[in-house]
Each structure stands twice: as C-alpha cells, then as structure tokens.
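Could you use the hints to bring the two separately framed chains together as a complex?
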Amino acid sequence: MLAIKQRSKLKGARTAAIWLAILPLRSFGAAAGGELPNGDEPPNDLIRYSIDELANVEVSTPSKASDPIRRVAASVYVITHEDIVRSGAVSIPEALRLAPNLSVVQNSASSYVISMRGFGGNPDAQNFSNKILMLVDGRSVYSPLFSGIYHDAQDLVMDDIERIEVLSGPGATLWGANAMNGVINIVTRSAYVTDSTLLKLAEGNVDRSAAVRYGAKSDSDTAWRVYGKVIAHSALELSDGSNAQDDWSRSQAGARYDWSGATSGATVQGDVYRAVQSQAGTGSGSIAGGNVIGRWRRHTAGSDLQLQAYVDETQRAAPADGVAFVLHTYDVEIQQRLAFGTRHTFIWGGGERINSYSIHNSSTLLFEPDERQLSLGNVFAQDNIALDDRWTLTGGIKFEDDPFSGWNAQPDLRVNWAPSDRMDLWASASRAVRSPTPFDVDVVEKLGTMNFLTGYSLFRPERVSTYEVGYRGHPSERFSMAATVFYSEYSDLRTIETASDAVFLPLHWGNRMRGNTYGMEAWADWQLLDWWRLSPSFTLLRKRLHYDSGAAGLLGVAEAGDDPSTQAMLKSSMDLGPHLALDTSLHYVSALPEPALPSYVELSLRIGWRVSGHCDISLNGSNLLHDHHMEFTAPTGERIGRKAILEARWRL
Amino acid sequence: MRKTRAIERRGRSGRAVLRRILYCLLLGAGAAAGAAAAAQVYPADAVKAAFLYRFAGFIAWPPAEAGNSRFVIATWGADHVADELQRDLPTLSIANRPVELRRIHDVRSLAQAQLVFFGPGHRAELRRASAAMAGSPVLLVSDDEYGLEDGSAINMLAIERRIRFEISMTALQRNGLKASSELLAHAVRVQAPGTIVNQLGTSP
Chain A
72 MLAIKQRSKL KGARTAAIWL AILPLRSFGA AAGGELPNGD EPPNDLIRYS IDELANVEVS
132 TPSKASDPIR RVAASVYVIT HEDIVRSGAV SIPEALRLAP NLSVVQNSAS SYVISMRGFG
192 GNPDAQNFSN KILMLVDGRS VYSPLFSGIY HDAQDLVMDD IERIEVLSGP GATLWGANAM
252 NGVINIVTRS AYVTDSTLLK LAEGNVDRSA AVRYGAKSDS DTAWRVYGKV IAHSALELSD
312 GSNAQDDWSR SQAGARYDWS GATSGATVQG DVYRAVQSQA GTGSGSIAGG NVIGRWRRHT
372 AGSDLQLQAY VDETQRAAPA DGVAFVLHTY DVEIQQRLAF GTRHTFIWGG GERINSYSIH
432 NSSTLLFEPD ERQLSLGNVF AQDNIALDDR WTLTGGIKFE DDPFSGWNAQ PDLRVNWAPS
492 DRMDLWASAS RAVRSPTPFD VDVVEKLGTM NFLTGYSLFR PERVSTYEVG YRGHPSERFS
552 MAATVFYSEY SDLRTIETAS DAVFLPLHWG NRMRGNTYGM EAWADWQLLD WWRLSPSFTL
612 LRKRLHYDSG AAGLLGVAEA GDDPSTQAML KSSMDLGPHL ALDTSLHYVS ALPEPALPSY
672 VELSLRIGWR VSGHCDISLN GSNLLHDHHM EFTAPTGERI GRKAILEARW RL
Chain B
234 MRKTRAIERR GRSGRAVLRR ILYCLLLGAG AAAGAAAAAQ VYPADAVKAA FLYRFAGFIA
294 WPPAEAGNSR FVIATWGADH VADELQRDLP TLSIANRPVE LRRIHDVRSL AQAQLVFFGP
354 GHRAELRRAS AAMAGSPVLL VSDDEYGLED GSAINMLAIE RRIRFEISMT ALQRNGLKAS
414 SELLAHAVRV QAPGTIVNQL GTSP
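Residue numbers (the working numbering), protein chains in the order written: chain A, 72 to 723; chain B, 234 to 437.
Here chain B stands alone, though its shape is the one from the complex (with noise of 0.2 Å):
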C-alpha cells in the first residue's frame, strides 16, 4: 500500500518536472534546474490547524473535571483552520481525552474549552475573552499580529512562507497554564512594533 503510494507520487513529480520545464520554455527562463526537489507546499489553514492540535500537547492541563471527558477546542472567527481541523478529529486525542470541536460567537461559549483559538482581526474579542478568562485553564490562542498584546498566549505569524508562533509567559501565567520547555524552545518572540492597527484600535 505504502509502496503503491510512493510509486504514484514518483509518477506525478515526474509529470510535475515536465511541467516545470515547460513553463521555463515558455517564459524563456530556460533553465529546469529548478524544477529537481519540489518542496511542498501546504495550505496556511492546514498548518494552523495542526499547530494548533500540537500546541495542546505542550501544555500541563489540569485533571479534567468531572462529567467533562473531551477535551473542547473552540475556533471563533477562523472557520477554514475549523475546517481542517474537523477532518483528522475523530483519530485525535488530548491529555488522553478524545477532542471535540466547537466555532463560537460569545463570550459565555468560552466557558467549555480548554483551548479557543481566535481568527485574524478578532481583536475585540479576544480583548474581551482575555478578560472573561483570567484564572481559568484555558490556552488563548490567535493569529494576528497584535495577539499578544489582547491578551492571548500563543500567536501564530506568517513569515518568509512559513507558520511561526510567539508566546506570552504573562497570559500562560494568567491562565494558570505552564508550557513545556520543548514548545518555548520554538517560538519566535517577536513584539508588534507601533502601527497603524494598533494606534487606531479595531472594530468590534
């Protein structure tokens, strides 16, 4: 089975290379070297998603409570990384509790999860759930430039094509929430310098 697979893909990146070298004809950059080693490339969404899976693991969760035996991550405002991570959550599991998935809108949803992770431009909100949340087990995470600065723990960027992400030691703090050595090891600690975004606020 697995062999069948690799054949296939072999098939396909030798297809992909004659490609190559037909775009490099037809735009007169005459040179297929390039087309040799083709990296993948994966959809931003994806990665999101499975960092986010990823994350859960790094974090020293408290014993669940009683009658609450998944573990909730909840999206708000970031359908597609929902999306792509509906797909793989039957086979997942976190702190040995299988996962479930929830996209919420208010405030009051926060409560069941364990972790909620906030979509681009969510500002407002996560100020307000940062708030609403302080105290409890609960990992914040976003992906926005001025994530750690609303308050959330974690915070995804994009750079030179590739998902990184920063923490904040005062919201895991806040939370109650300690990261294992192997995910800080990783982060990119990068403070949003000012801007426009952060001068002029958001909207709701």
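Just chain A, with the same shape it has in the complex (with noise of 0.2 Å):
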C-alpha cells in the first residue's frame, strides 16, 4: 500500500515536469495567436472575397459550444473527426478512449473490454460487456451469438470517419435491444467530402499501419472512394514481463458511393476484411468478415423517408481446439420523420433482421444446437412535441419481437426545459433489455466428459428502467459544458446457478442477480484562447447489486463486472500557429475492486506538424508515465507500456 502511494507521488511529479515543459510555449503561441485571425488583413478584404475564394479560406477551429448535439435531451458525447485526428488514435477502441463516458479496457493485443455505466463483465464468470450497442454507419456489429462486440473486428480509416456519437443511458427505443446502458454510433464521411487522395504510413514501436484512400466526385450529384489499409500490432507483455505472444495483423479494404439528388439520396458502402491473430502455445486464429449496405433517402416537404438493407458476414476461425463459427445477418428497416405543424416531429418504423450461424464446437465449449437461424423484428414510434418555445416533450417506444423470450416493450420519455439559449435541462425515464442470445440458452461447458455449466432454456431477458436529470450549457462562447446524474434499476441479471439445492453440477444459468447503479457523468469544453482548448471530464459509479433469494449467488455480485468507480480526464489542444498543433491528454482511472487493480493516471502527447497543405507528419506517444500499466487484472489481462508512433499523411 505504501509502495502505491509513493508510486503515485511519483507520478505527479513527473505529470508536472511535463507540464512545465508545455507551459514556456504559451506566450509564443499567445503571440502567434494574435497574428492569426484578425491581424494582417483589415477585416473588410474578407467580405470582398469571391465565393470561390472563401470556400478556400482557412478556418481556425470552431468553438463546440456550437455543437448541435447540445441540444439533445440525453447524455451524449461526440468524438468529432477533428478530436479523432488530433488523437493520433489508429484503432476504433483507441479512439473511443476519448469519450469520458465509455470505459475503454486493453486486455490484449487485440482484445478490449469497452463498457458504458460499468458491468464491463468478468472473464472468469464467461460474462462480457453487453448492455452496450454499437453501430458502424446504420449496422450493427453487437454479435448476436454471444452478446457483445468483438472489437478486433472493427476498423476504418480513420480519417474518413465523420463523428463517434457516444450516447449513456438506454437507447432502446431508437436503437433496439441490448442498449441497456448506451449506444456507440459510428459515422464516416461521405463521399463528397472524401474526394481525394490520402495516403498515410505510421511507424511505431507497438503499432504499424498503411492506408490509402481514393475518392472522386463523378458530377455534382455523385461521389465515391474506395479505401485499403493494414495495421499490424505487436504482442504486449505478461504481468510478468514475459512476451505475450498475441500479436496480430488486419489487413481491410472497402468502398462507398453516395448520390444525392434534389430531394432524394441514396448510399452504398462495404467493406472487407482479414486478420490473423497469434495465441501463445495455440499457434493462431483468424477473423474474416465482409458487409454491403444500401440506403435510400427522401427528403420531402415535411417528411424524412429512409430505407436501409444490410448483409454481413462474420467468421472467427480460433487456434486448435477453440470454438468457430459462421455467421450471416440479413438486415432491412424503415424509418421515416415527419413533421406534423410547427410542434410535433413524429418518428416511426420497423425492421427485421435474420441471423443465422454455424458454430463449429470444441471438445470443451459446445453450442446445442451448433446451427440456428433466428428472426428479430421490431416496429417503434416516437413523437417530439414543442410545447411552447422552452419546453419539449419525446416519448416514444419500441416493441421487440427475440426468438428467445417474445415480445418486450422498450418505453423512453424524455421532458426537456431551456430557460435561456445558453442552456438546457432534461430529465429522462426509460426502459431496456439485453435480449438473450445462443451463448445464454444454448451453451454447453464441459469438464472432461461431464457437462459443467449449460444455458438454460428459460433464461429471460436482462432489464433495466433508469432515470436521468441533465444540464447542458454554454454560458459563454468559449465555455460548454453538460453534466448527467443517472439511477438505473437492474433486475434479471445473469447468474450462476447450481443444478439443484441438493446438486451441484451441472450448473446452469440464471436470471438471479438485481440491484441499481447510480452516478454522474460531466465534461466540459474550455476555448481558454483562440489557439488553446481544454476540456475536463469526468464520471463517477457507484454499484449495489445483490442476489435475489435462493440464488447460488456462486462468484459474487463482482461477475457483473470489476468496473472503476471513477475515471477523470483533461484533454489540452493547442494550435502553435497554422503548421504546429500540440495535444495532451491526461487520464485517471481508479482502482478496480474485485479482482483488484490499483488505479493509475496516464499520459498521451502528440506533436502534429503541417508541412504543407498537402502533408502532415506527427509523432504521438501514449503511456508515457510509467514503463507499463495494466487495465485488468492477470491472467485476463496484459501489461501495457510505452507507445511511440511516428505518422506521415499526404492528402492530394
């Protein structure tokens, strides 16, 4: 224990030699901030540019306090693509690393356990984090077999991302079941905005990547790209030093089209890709997958129409005895907006989605049935009222229809008060479940010959109700900030279960583990002068969950998950004139309960440098505090230590 404390004084001090490190350079930049916007030009040469011209003109970067997303009644985070470039994040998971409200854990080389108002799951109890959803431009990647999101399966380009839209609190009634506790929702950019070469290498002593990406406008009304990359990620280390073996690589390569006519649109997009992932001992496994997406638009007077049909394949192929499988998702929906009068915006639609699989099983981990095809279907509505000019009303709900429980309703109401312009407060109620899935009533876990633990067939949907009271505001327009306090009721949470009060084995699973989880989630975004940004965050959790009686209550309430109470967060963007852009960020995690993990604060540092307009080049390191940290506790998971990564970006 003392060791920690000494550890952590430590810590500070070096966090502050950092710091005083930054600190000599703000008076040049206040001096290079000074010439940038209003001073070589008289401001009146600006109003005679042509239209040519200003479409041309350079912008420094805005405020968020102009974010739209302000406005919403609910506890969302934006990652925007300009925070997402800044980062120097080369993954999806490291990306996400900058919303405050997500929870983002490396295990392994390949493996995170990302979660949202903790229950970010426990290995040891075979549960994972899946009260969260995340959707890749309208698909969802929430694996249906075994609930949760395979993360190594997911990737772009990152610089054709638009915006990472992280949404706490449930989502159902838009979004669908199993987001319990959030949504991630990741958007790319369309074509017309991609209309160029980028081609970008990045060398470091963890990660190497290559991408490139072409895209072109064919007239006014249509564009495409079409997009390659590889990344290749060395192994980290065990806790004891050791080399863990798990590296990997992922090779990924994809196109999209976008036309957009006067009143209608429509998009096409997929991708493809590999990766071959190495296991200590085990020799390797792989992943292949590959999706199409259609989606058509029609904006007319009044009314917003979209229809949107996927298909996506997913494959996991594991090393020697593991488990594979194939899976396919069929997916069709319709959704359209309309505006009733000047008060009511009424959204309904429905969808249907067919998964069907082909799980190859291994001697010890079995699926009974090892095929199945399931049908989901679902239909909502929900209707945002102006009240008067300050109050707005949305209440909605959706209805599910799981091959495995039936029907559930999946209500939202949410009630929202702007007593100024420069402010907003909401409060929500709704209600959510994480529908059941093949690994919940079909599993088989087998110990030598004799069947350990087995689904079970009656295993009924997880649920929660939670209410929410939010703040939003910008009171000036350098300053924003929003800050959420949830409660959230749980009841039916996955248990373990013994065979019977007088038999042990098998065990089964159960619906027996209740209770609430209570918090708060706030950030802020601080223009402290033109060329500096700083934005603090943070959120905390508390969790009391308990069995309910005649529960085996085996493994404790911690199987739901071993989740930090607190994570906090600042984040510093500084713009040293137009070519140097300067970015930290500091990060606080607390000590995990049970298994326990002490808590650690780290460090990420990128220099970005404009060469020209057409080339950037940066260099970014990550973890720089400490030789290595670790985010989950051993065996599950790996050390994690210091990341350089050195990036060239041409855009032609």
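Just so you know, these hints were derived from the structure itself, not from any lab. All C-beta atoms, glycine included, are put in the ideal place defined by N, C-alpha and C. Please note that a few of the clues may not be correct.
Cβ pair distances, simulated, as ranges [stated by the list, open to error]: (1) Asp-195(A) - Ala-364(B): 55 to 63 Å; (2) Ser-369(B) - Trp-478(A): 45 to 53 Å; (3) Cys-686(A) - Pro-331(B): 43 to 51 Å; (4) Thr-403(B) - Leu-626(A): 53 to 61 Å; (5) Ser-369(B) - Tyr-589(A): 49 to 57 Å; (6) Gly-448(A) - Arg-336(B): 46 to 54 Å; (7) Arg-336(B) - Ala-500(A): 33 to 41 Å; (8) Pro-490(A) - Ala-367(B): 42 to 50 Å; (9) Val-340(B) - Tyr-589(A): 35 to 43 Å; (10) Pro-490(A) - Arg-330(B): 53 to 61 Å.
Now the stretches of chain B that chain A is said to cover, found in silico as 3 or more residues with beta-carbon under 8 Å [what the hints assert, rightly or not]: (11) 280-287; (12) 355-365; (13) 413-419.
As structure tokens, this is what we get:
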C-alpha cells in the first residue's frame, strides 16, 4: 500500500515536469494567436472575397459550444473528426478513449473491453460487456451469438470517420435491444467530403499501419471512394514481463458511393477484412468478414423517409481446439420522420433481422444446437412535441420480438426545458432489455466428459429502468459543459445457478441478480484562448447489486463487472501557429474492486506538424508516465507499455 | 499606403518565421521548412459573415416592395456572425439596396427580412420559420448539420478547416427563389446520414 502511495507521488512529479515543459510555449503561442485571425488583413478584405476564394479560406477551429448535439435531451458525447485526427488514434478502440462516458480496457494486443456505466463483465464468470450497442454507419456490430462486441473485427481509415457519438443511458426506443447502458454510433464521412487521395504511413514501437484512400466526384450528384488499410500490432507483455505472443495483423478494404439528388439520396458502401492473431502455444486464429449496406433517403416537405438494408458476414476461426463460427446477418429497416404542423416531429419505423449461424464446437465448449436461424423483428414510434418555445416533450416506445423471449416493450420519455438560449435542463425515464442469445440458452461447457455449465432454456431478458437528469449549457461562447446524474434499476441479471439445492453440477445460467447503480457524468470544453482549448471530464459510478433469494450466489456480485468507480480526463489542444498542433491528454482510472487492480494515471502527447497543405507529420506518444500499466488483472489482462508512433499523411 | 502595409506584413512574417523556428527547436521537431508560406487563418465566424453577403448576391431577388428600400439580413442565435457582419455593414449593398442587420428571436420578426441566418442548434426555430415563410421570398441559411432537413435553402458546413455549403433546391423553390448556376457549382451536396441528433430531435 505504501509502495503504491510513493509511486503515485512520483507520477505527480513527472506529470508536473511535463506540464512545465509545455508552459513556456504559451507566450509564443499567444503571439502567434494574435497574428492569426484578425491581424494581417483588414476585416473588409474577406467580405470582398469571391465565393471561390471564401470556400478555400482556412478557418480556425470552431468552438465546441456551437455543436448541435448540445441540444439533445440525453447524455451524448461526440468525438469529432478533428478530435480523432488530433488524437493520433490508429484504431477504433483507441479513438473511443476520447469519450469520457466510456470505459476502455485493453486486455491483450487484440482484445478490448468497452463499457458504459459499469458492467464491463468478468471473464472468470464468462460475463462480457454486453449492455452497449455499437453501430457503424447504421450497421449493428453487436454479436447476436454471445452478446457483446468483437472490437478486433471493426476498423476504418481513421480520417474517413466524421464523428463518433457516444450516448450513455438506454437508447433502446430508437436503436433496439441491448442498448441498456448506451450506444456507440460511428458515422463515416460522405464520399463528397473525401474526394481526394489520402496516403498514410505510420511506424511505431507497437503499431505500424499503412492506409490509402482514393475518392472523387463523378459529377455534382455522385461521389465515391475506395480504400485499403493494413495494420500490424506487436505482442504485449504478460504480467511477469514475458512476451505474450499475441501479435496480430489486419487488412481491410472497402468502398462507398453517395448519390444525392434534389429531394432524395442514396448510399452504398461495404468493407471486407481479414486478420490473423497469434496465441501463445496454440498457433494462430483468424477472423474474416465483409458487409454491404445500402441506404436510400427521400426528403420532402415535412417528411424524411429512409430505407436501409445490409448483409454482413462474420467469421472466426480459433487456433487448435477452440470454438469457430460463421455468422450471416440480413437486415432491412424503414424509418420515416414526419413534421406535423410546427410542434410535432414524429418518427416511426420497423425492421427485420435474420441471423443465421453455424458454430464449430470445441471439445469443452459447445453450442447445442450448433446451427440456428434467428429472426428479430421490431416496430417503434416516437413523438417530439414542442410544447412552447421553452419546453419539449419526447415520448417513444419500441416493441421487439426476439427469438428466445418473445415481445418486449422498451419505452422512453424525455422532457427538455430551455430557460434561456444558453442552457438546457432535461430529465428522462426509460426502460431497456438485453435479449437472450445462444450463449445464454444453448451453451454447454464440459469438464472432461461431464457437463459443467449449461445454458438455460428459460433465460429471461436482463432488464433496466433508468432515470436521468441533465444540464447542458454554454454560459459563454468559449465555454460549454454538460452534466448528467443517473439512477438505474437492474433486474434479471445473469447468474450461475446450481443444478438443484442438493446437486451442484451441472451449473446453469439463471436470472437471479438485481440492484441499482447511480452516478454522474460531466464534461466541459473551454476555449481558453483562440489557440488553446482545455477539456476536463469525469465520471462517477456506484453499484449496489445483490442476489435474489434462492440464488446460488456463486462468484459473488462482482461477476457482473469489475468496474472503476471514477474516471477523469484532462485534454489540452493547442494550435501553435497554423502549422503546429500540440495535444496532450492526462487520464485517470480508479482502482478496480474485485479482482483488485491499482488505479493508474497516464499521459499521451502528440505533436502534429503541417509541412504543407498536402502533407502532415505527427509524433504521438502514449502511456508516457510509466514503463507499463495494466488495465485488467492477470491472467486476462496484460501489460501495456509506452507507445510511440510516427505518422506521415499526404492528401492530394 | 499599400506599399507600407506590404512592408509591415513582410516584417511580421519575418518575426513569425523566427517564432516558428523557435517552436521547432523547443519541441525537437527540428524542421523550419514549414515556417515558409504561412497560410492565412481566419475566424470561422468572419468567413461565415462574408459567405452570407456573397450568397445574397447570387440570388435573383424580386423587386423591392415600396416603402422598403433596405435589404434586411436577420440572424437568429448567431451573434458572433452578426458582430462580424456589423463591422462591414456601411460599405455593403445587395440588389442596389443598402443592407440592414437585425438580430431576431421570434417568428413574427421574420417577415421583414430577405435573408435569415440561423446559428447551430436552432433546429426547431428553423423548422418553424420554414413552415411560416413558405411562399415568401426569404432566403433561409443555416449552420447546422441538419439544416437542409429542417428547411433551410443553404447550409454551411465546416470541412477540412474550410467553410463550405450545401443547397436545397426544394427549399429555394418553396420560397420562390432562384440561385445562379455559379452558386450551385460551388456547393458541396452533402446529405446528413442517420445520427443521434437526427433521431432524438432537439429542444425548441
């Protein structure tokens, strides 16, 4: 304990030293800031510019206070394109570290656990982070087999991401089941915006990557792009310092086509990918997949209609005696937004999804049956009513028919009050479920020839009711902030039950845990000077879970998730003149309770240099304060060391 | 006069080069080549104000009604853009009329304006304005990802550190306005995909 305290003092001293190294730059930057916006040219020059000249004028980064998301009556954090580029993140999980309302835990070179408001799971209990949904351009990447997200199967050219919206709290009315604790919505850029050639090369001590994208506008109505990306990740270290032999590499290619007429538009896009992952002592596993999605929209006065359909294939092959599967997903959705008069915005929609899979069982972990075709249907409606200039009421409900538990209703009610143009106060009450999956119902885990744990044919959906109160405001053009307090009641959470009171084995899944969580999420954005932005944030989480009477109570309530109670982050973004950007981020994650892991503080720093309008070079260092830290306990967790990566980017 | 300004500028850029060399040394980036050719960077609000003025020039306006000799630009929730425009106001004219700037906060004030600019996040206001002003020769301009969906005719977008814009022909027609082909040629036609903002709607 003493040793930990001394170490954290040291951490503090080092942090201070790095800030001191940065501080002298302030004075230079201030001078540079003075010359930038209003200095050299008298302001009336700009007003005489032609439309063409104006379209090519470079502007300083707009303040986040003007982000439209600030008026949504929910706890939503937006990672912008600019944030992603300036963070130097090479993968989606690393970019997700920018959202204060997410907990991102790296366990191995390829495995991340990403959760919101707790419930990150516990690998010993075969419990995974299964209460958040993730969408990539409208395509769900939540695995219907085990409930959870394979983060190693998702990648993009980071420069082609427009924004990542991270909604904490239930989002089930619009996005469907499993959005119990939140939704991650990744939106890539329209092909109109990426009508250029991009070449990116990155070389680092842990990651190396190359990406190329070519895009063009065929005429004023159509644009397209194609891209390819390869990335290789070195192995991490085990807790004893030995090589974890889990290096992996991944390649992906894709294309997007956008057409936009006067009142309608369409998008067709798709990707294919393949990755090979080493595993210590057992050879290597592989993942592969592909998807095609088509979207058609029609905007007319008072109506937006959208039709969407996609096909997705996901394959995993485990080394040696592991479970492998092939999953095909077919999805169609319709959605229409209607404006009734000047007060109502009504959205309705529905969809049908078919998941068809075939599993290659291992000798110790089996799915019975090993093939199924599951269909999942839904209908929903939501009305947004402007009661007067200040009050808005939003109510909606989704009915979802899942193959194991039948129809579930997921309602949502939100009220927003804007006492002034600079401030919104909102409150919400919503319910959501996590639907049962084959992993909850069909699984059989063997111990030798004996059944050790089996699925439960009567497994019920896990349920949550959440109540939230939020504030969102921008007291000045340079300062904006958001804060949300939440209280959630969970029931029917998954537990491990014994065969009967008298007989222990085989164990089976049950729904015998309940309880509540409460906490707070807050973040702010402070444009201190034209060239310097500070973004502090923190989250607090308390969980009070207990077993129902009659539950076996095996493994303890910690099986639901080993989650940090506090996370805090301070980001600083400096524009040191038009050619130099300096971004730093200091990140604190409190100790994990059970199994216990000490808290950690880490720092990342990126220097970006714009060599010319076509070329940027950046140097990015992360986890700079310590030789290594761990984000989850061994043996699941591995050591994460200092990272440095040099990246060059050409845009033509 | 012009010459002096050019010399001043050169002096400043000389100092700027020095400063940049210092950064590079300090940060160990160690390359001063980037210091040459410093691109001019403007505040986004000033560029948006200039765009507003330019847009008006590319629209064929019906002749001024008797008794209204001024061209009225109104802003709703965009004070910083209004401040930028205010500075240049005395020198401007649109369709041979002097320009007047008003900052408005209600639908009733819309009727006297020829061009209305809505700041980001004012989606419900824009929707109400669009419904109320259908058929009137008013150009609605927005600065919000979903501007066109909410009924504006021209929407500004920040793309790659530049301000670009998209145009809705439907909205232009709804207000009986015609844009010149030059304006259309410079538009980036970007439609907003399904996002959380889109889905949850916004407050009034």
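Okay, Ser-369(B) versus Trp-478(A) on CB: inside 45 to 53 Å?
48 Å, holds
State, for the Cβ atoms of Val-340(B) and Tyr-589(A), whether the hinted interval 35 to 43 Å holds or is violated.
41 Å Cβ-Cβ, so the 35 to 43 Å window holds.
Given the hint of 33 to 41 Å, check if Arg-336(B) and Ala-500(A) actually sit that far apart at their C-beta atoms.
37 Å, holds
Supplied distance hint 53 to 61 Å, evaluated on CB atoms of Pro-490(A) and Arg-330(B)
Once the Cβ atoms are compared, 38 Å apart, the range 53 to 61 Å for Arg-330(B) and Pro-490(A) is violated.
Coverage assertion for the stretch 280-287 of chain B with respect to chain A, Cβ distance below 8 Å, three residues required
Since three or more residues must qualify, the claim that chain A covers the stretch 280-287 of chain B holds, with 6 doing so at under 8 Å.
Please test the hint of 42 to 50 Å on the beta carbon pair from Pro-490(A) and Ala-367(B).
With Cβ atoms ~30 Å apart, the hint is violated.
Tell me whether the statement that chain A covers the stretch 413-419 of chain B is true, taking a Cβ distance below 8 Å and needing three residues at minimum.
holds (count 5)
Between Thr-403(B) and Leu-626(A), is the Cβ distance one that fits in 53 to 61 Å?
Roughly 59 Å apart at Cβ, these two residues keep to the hinted range, so it holds.
Could you tell me whether the CB distance from Ser-369(B) to Tyr-589(A) stays inside 49 to 57 Å?
Taking Cβ atoms as reference, Ser-369(B) and Tyr-589(A) lie about 51 Å apart, which means the hint holds.
Just to make sure I understand the rule, a stretch counts as covered if three or more of its residues have a C-beta closer than 8 Å to a C-beta of the chain. Does the stretch 355-365 of chain B meet that for chain A?
Answer holds; 6 residues pass the 8 Å Cβ test.
When you take the CB atoms of Gly-448(A) and Arg-336(B), is the distance between them in 46 to 54 Å?
50 Å, holds
Assessment of proposed distance window 55 to 63 Å (beta carbons of Asp-195(A), Ala-364(B))
58 Å Cβ-Cβ, so the 55 to 63 Å window holds.
Of the numbered hints stated above, those contradicted by the structure are hints 8 and 10, listed in ascending order.
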